[in-house]
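Residue-level listing of the chains:
Protein chains: 2
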Amino acid sequence: MSYRIGFLGPKATFTHLAVSKFFHEQIEQIPYATIPACMDAVAVGDVDFSIVPLENAIEGSVNLTVDYLVHEQPLHIVGELVVPINQHFMVHPDRESSWQQVDKIVSHSHAIAQCHRYLHNEFPLAEHSYAASTGAAAQFVSTHPGENAGVIANEMAAEVYGLSIVKRDIHDYHYNHTLFAILHPSASEKPPTLPGYEGKDKTTIMVTLPSNQSGTLHQVLSAFAWRKLNMSKIESRPMKTGLGNYFFLIDLEHAMDSVLIPGAVNELEALGCGVKVLGSYKAFYA
Amino acid sequence: MSYRIGFLGPKATFTHLAVSKFFHEQIEQIPYATIPACMDAVAVGDVDFSIVPLENAIEGSVNLTVDYLVHEQPLHIVGELVVPINQHFMVHPDRESSWQQVDKIVSHSHAIAQCHRYLHNEFPLAEHSYAASTGAAAQFVSTHPGENAGVIANEMAAEVYGLSIVKRDIHDYHYNHTLFAILHPSASEKPPTLPGYEGKDKTTIMVTLPSNQSGTLHQVLSAFAWRKLNMSKIESRPMKTGLGNYFFLIDLEHAMDSVLIPGAVNELEALGCGVKVLGSYKAFYA
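Respectively, the protein sequence lines represent chains A and B. With UniProt numbering, the residue at position 237 of the first sequence is 237, and numbering never jumps. With UniProt numbering, the residue at position 35 of the second sequence is 35, and numbering never jumps.
Here chain A stands alone, though its shape is the one from the complex:
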């Protein structure tokens, strides 16, 4: 069976790299220019699944994805792809011999942040120009040979847009991975099988507190802790209703069951918390 999979484009973004790495030829791949457009596409049925970046080990959550999921387009996470991120420095082939003289660096803001120290040391005076994705940055420099610019992007981008990699692995921290969420309107939908990958159980829960008291968050964590439901992540994001109002995203290293997680959720609701299970799914590691 062939699936249509939407991803954050253009071609050769890290999302595209993740999709290609896991799915090989069994699917049709459709790029979308922005994260919201990609998420809207699966909501209206233009694609079977959408894949967008969710969290990077260095830069943290991709706020646009999290906020759009929580406030605008309530999809479910039905799977997760985890891939290592290697950032390379590349230029238009015409500039291969003079790459150390570029006066502008083009990339996604996360990629520039991930190479902050390298850029600070090697190109202290270069201007930074932010693109919507590393793929879009590579596309821009490929079609603007007049710009004296370098790009930070992945190997696939160099191939697709015909750029020359002049320095490999310029990211500051070696342990750099990104999580990509597989999204679908229905919580019970299963993504295409990935032969050869086993997957780890994970459940993502969003919790809003009834008040800003430290006591309540403490109670929330108690509900998981005494059941030995191990959290692999807790992250706060503003509610957009005022400074100091947060919601929390909590990842549990457990599949949804019929006793423990529902019991914790019921307890939290009885405390006055808002609770929403964003998904219970498998995380696959490349």
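Calculated from the structure, these hints are not laboratory results. Warning: the hint list may mix true and false statements.
Repeated chains share a single entry, so a pair holds when one copy, or any two copies, can fit it.
Each computed DSSO-like pair below joins lysine-lysine, with the alpha-carbon atoms no more than 30 Å apart [what the hints assert, rightly or not]:
| no. | residue 1 | residue 2 |
| --- | --- | --- |
| 1 | K228 | K276 |
| 2 | K11 | K21 |
| 3 | K228 | K190 |
| 4 | K276 | K240 |
| 5 | K11 | K200 |
| 6 | K11 | K104 |
| 7 | K240 | K104 |
| 8 | K11 | K240 |
| 9 | K200 | K228 |
| 10 | K190 | K282 |
| 11 | K200 | K282 |
| 12 | K240 | K200 |
Starting from the known structure of chain A, arrange chain B on it as the hints suggest.
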């Protein structure tokens, strides 16, 4: 006495607006092009204090400030300025009558995110171009009248760079404030007095956990909760050492004392946590 205050420039950024609102004429204001440059300036003594954005009510923490503070330049927070953020849409005066036809929106990524819904409805096809600050975006459009572009920035930017405001208050959420941190190398340094402002006590603490167990974070919160030390914020950020490794920033609505906060810190250290008080200071509300 006159102080030299460094801020995230160029002229007319929201940081500049905050500095001007609180300090009037008593200080010399020195713009820096980036957050790290601004923080380095106070570390080496080029300025007496540096002021940079720390957290926005809509978009959350300014990751670059938090990460640079934690990983690169260990300054102390000695005060905080809180100002409402109003985003306006402006264009080069030559385009005042045809502003609805712009095909490009230039601004800081947070400002674009804060006006996401407005832009999606009014300029669905316009390209987004990201600048280092709203001030830099306004400066760019002011000096590039050939670009068919609109800018999202504040009132001060329209004045300073001679742009025409064509639509006011285009931010999606009305309760929009930003916190700006006043930074200094010494924790005991007091910022210039602000006559007419009272200020609220606040202490910011960074905590790293000894392991990724939900139990430990639960214990950390217990140490504050049973002492009735109220948290106004808890936020997680990746440690940059791997997916799932976080540090936590905790704001307490209390001034540093000699018993309760030191007692909690000692307990956390005994549990194996790393604890660092980033500052105990007054937060001033415009």
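Intra- versus inter-copy proximity for K200 and K11 (alpha-carbon distance at most 30 Å): within (28 Å within a copy, 50 Å between copies)
Within a copy, between copies, both or neither: which one fits K11 and K240 at a CA-CA cutoff of 30 Å? Close across copies (27 Å), not inside one copy (33 Å); limit 30 Å.
Reference check for the pair K240 and K104, CA-CA at most 30 Å: within, between, both, or neither? between (34 Å within a copy, 26 Å between copies)
For K200 vs K282, is the C-alpha pair at or below 30 Å within one copy, between two copies, both, or neither? within (5 Å within a copy, 46 Å between copies)
Evaluate K190 and K282 at a C-alpha cut-off of 30 Å and name the case that applies: within, between, both or neither. Intra 10 Å, inter 51 Å, cutoff 30 Å: intra-copy only.
At 30 Å max between alpha carbons, let me know whether K228 reaches K276 within a copy, between copies, both or neither. both (20 Å within a copy, 29 Å between copies)
For K276 vs K240, is the C-alpha pair at or below 30 Å within one copy, between two copies, both, or neither? both (18 Å within a copy, 28 Å between copies)
Should K240 paired with K200 be assigned to within, between, both, or neither, using CA atoms and 30 Å as the limit? between (32 Å within a copy, 22 Å between copies)
When no copy is named, should K200 and K228 be tagged within, between, both, or neither for a Cα gap of at most 30 Å? Within one copy only: 17 Å inside a chain, 39 Å across chains, cut-off 30 Å.
Classify it for me, K11 with K104: is the Cα-Cα distance of at most 30 Å met within a copy, between copies, both or neither? both (22 Å within a copy, 22 Å between copies)
How do K228 and K190 come out at 30 Å by Cα distance, when the copy is not named: within, between, both, or neither? within (27 Å within a copy, 45 Å between copies)
Alpha-carbon proximity between K11 and K21, which holds within one copy, between copies, both or neither at 30 Å: within (14 Å within a copy, 46 Å between copies)
Hint compliance for this structure: every hint is met.
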